[in-house]
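Using the hints, position chain B against chain A.
If you're matching them up, the sequences are chains A and B in order. Numbered per the numbering used here, the first sequence finishes at 246, counting up by one with no gaps. Numbered per the numbering used here, the second sequence finishes at 1233, counting up by one with no gaps.
What the hints contain is simulated information worked out from the structure, not anything from laboratory work.
Cβ-to-Cβ under 10 Å is the rule here; a few derived chain A residues that face chain B:
hint : residue
1    : Val54
2    : Ile57
3    : Val65
4    : Leu66
5    : Val69
6    : Arg107
7    : Tyr130
8    : Phe239
With a straight-line Cα cutoff of 20 Å, these simulated EDC-like cross-link-like pairs (lysine to aspartate or glutamate) come out:
hint : chain 1 : residue 1 : chain 2 : residue 2
9    : A       : Lys110    : B       : Asp1187
10   : B       : Lys1148   : B       : Glu1172
11   : A       : Lys110    : A       : Glu145
12   : A       : Lys241    : B       : Glu1172
13   : A       : Lys110    : B       : Glu1199
14   : A       : Lys51     : B       : Glu1199
15   : B       : Lys1009   : B       : Asp1216
16   : A       : Lys51     : A       : Glu145
17   : B       : Lys1112   : B       : Asp1216
18   : B       : Lys1112   : B       : Glu1199
19   : A       : Lys51     : B       : Asp1187
Here a beta-carbon is modelled for each residue, glycine too, at the ideal position from N, C-alpha and C.
Spelled out from the first residue to the last, the chains are:
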Amino acid sequence: MGDRAIYCSAVMQQSHPGVYFFKHELVVSNLMRFEIERRTTMNNQDQTKKKITVRDIMTIAAMMVLTLVVSGVTGPLTLPFPFLYLYVCAGLQMFLCATFYLVTANRLNKHGIFLVWGVVYGALLALSGYIFLLPYFVGVAVICELTMTGKNTYRSPLRNTISWSVWGLGMMIGNAVPIWAAWDSYVEQASASGFSQEVFDMQIDMLSSPWHMIGACAITVVLSVLGCVFGNRILRRHFQKAGVLQ
Amino acid sequence: MSGEKAKEKRIRRVNVLALLFITVCACAVSYLAGHMWFQIIFTCLLFGLMAVLGFAKTGLGFMAVYLICHLWLQINLNLGLRFPSPMTFSFIIELVPILMPVYLLVQAPSGKLTAGLRQLPLPTRVTLTVIVILRFMPSVMAEFADVKDAMRIRGFLRSPFQVLRHPLNTMEYVIVPMVFRSLIIADELASSCIVRGIENPCKKQGYYLNQMHPGDGVLMAGALIITVLFAVL
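Isolated chain A (complex conformation) (with noise of 0.2 Å):
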């Protein structure tokens, strides 16, 4: 009760300044610094919440590194097989890389992880000859922050789906965005690499049809749901457990 007298007093004293207590003065006046020190400890959290930090920003890279090292496996291990590399590529990536975006989200939870992962890998691929696909990704990034309206979402496990098979439909149409931009220059260069007439059936099929395009964004959103169901169960099993992840 004691105490409890001495922290009214403190934020008394700290609302009317002119107010003076006469007993337990040196009491009153360290926790008066206590208690300013503590809101304004408070104020820097709550601004440290909404802006990314530089170890915010340290998650993202080595989460993206991981996805990077997963597509780049994934990417010429499907190209072999055609049918693989059009429908399946992407959905594939989204169901391995579900765990390390789940990781990001659930340790920051801060608006603003979409747009960082977005630019960040538009810019990794106008570095490797893409440039027309950063504005694309910079897009399909906004998309995903919006379905991210809200608190706390990026530890809700639905939102992070919902997000996540958005993403995923983004890289799936992302891998077609190259052939429509420049459709007569890819049949040129596909007719002097000597893609099959197989293949580039299935090529047009892919991107004239739009049941076929439905058929991929499918074959994506499911892999990208069962990436997320997947992750989620490792991030209950092993990172909550651990203390890693709230």
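For chain B alone, coordinates are given in the frame of chain A:
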């Protein structure tokens, strides 16, 4: 040891932005070159640049992959083989000339890379993430090798059949330690950056200066002329 130092000295002299410009030129030639031979010539020139900067051995590796893919593609075309798909080879053939300048870019000291990227109109967060990603890659590879060894010792990689029979378990055994290790490295890197004052809002000055020398200008002009010629012809 002295060879390594000389190599480091040479790559330190080159402007990061010049390397970035050559990467963009390589992208343009790779996708827009009118004839296959133009791309081959450009790749040979890039190999020459790598050799001059002291990375002849790695450049030779890139060239070997590039030429093997070209040869294999021709064999596939002549014999009418469909496996492996020609898509694979065309993908690698397009990627190798781009990876060569990217490799040189990654070899530049991280301080110089940071100084160079800071000169570009990019947000600090994006620049920092790109630099960390470029620097993180080798560490992740080393960590993965350790995880693989640990899995082999514990008998999780006894046979490919075992891996294929329990793919999700295998995935879990790889993903969990990799994420834990990566998070530890990320935290250590973040602490190191904070201690060095990265969060200070003042204008930063690095140990390295990314100044443009006449040699860089010649390199960029040469790359531009070759790119325009190969892309237009």
